[in-house]
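For the record, the sequence lines run as chains S and Z. Using my numbering, the letters of the first sequence correspond one by one to residues 51 to 163. Using my numbering, the letters of the second sequence correspond one by one to residues 16 to 126.
Hints in this document: simulated from the structure, not taken from any laboratory. Among these hints, one or two may not hold up.
Simulated pairs of lysine-lysine, BS3-like, Cα-Cα distance not exceeding 27 Å [as the list claims (entries may be wrong)]: (1) Z:Lys-72 / Z:Lys-123; (2) S:Lys-63 / Z:Lys-57; (3) S:Lys-65 / Z:Lys-57.
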Amino acid sequence: AAGVIQSPRHLIKEKRETATLKCYPIPRHDTVYWYQQGPGQDPQFLISFYEKMQSDKGSIPDRFSAQQFSDYHSELNMSSLELGDSALYFCASSLGGMGDEQFFGPGTRLTVL
Amino acid sequence: EDQVTQSPEALRLQEGESSSLNCSYTVSGLRGLFWYRQDPGKGPEFLFTLYSAGEEKEKERLKATLTKKESFLHITAPKPEDSATYLCAVRGVGGTYKYIFGTGTRLKVLA
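Taking the hints into account, I'd like the entire structure generated from these sequences.
The following block contains the structure:
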């Protein structure tokens, strides 16, 4: 079965640079979620989109922005990167605005030097 | 504030030694409680959804149960391939889309 696709899988950036992470949800899934997971920590919710509209917002820094496109893929844009932004970034998708089960992608490992 | 606490933080079992993982939660209204398995450097893999107290779900050697305050993930006769971090998450009612995760239980099953 098709799963959530994330790209790139690994990304290395310098401080103050920008990064763009992409997420392609499971086909027919219309809701996308972004999570940040630091080493040894639980995933922290950043933001979600349903039908291309922001549906919920968590602890996303103002330096980050995200959107969902007409084909339901989503992009997380991160600017003025800081060392503390180094983490695994997961995208998850679900079916329906309040679809309960979220299916996670393999993650993008971002390293900020 | 919604909160999820998992215990123990880490657990080492011998192959075949059954045990249980605990997930205690406080949420104003529970829409669902979710169990995931996460291998190092990989995305969480969905295991179960539980909605109401008394509900139980099973999958191979795993069984999840739910009460009004906590959930248990029972592992029967575990094998080394069951070694992973098991995450519990809750979703509240009221239109929120986000999961609140616990910090997980790192399970190591020794052959």
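Against the structure, the hints:
1. Z:Lys-72 / Z:Lys-123: holds (22 Å)
2. S:Lys-63 / Z:Lys-57: holds (21 Å)
3. S:Lys-65 / Z:Lys-57: Between Lys-65 (chain S) and Lys-57 (chain Z) the Cα gap is close to 25 Å, so the pair holds against 27 Å.
Of the hints listed earlier, there is not a single one the structure fails to meet.
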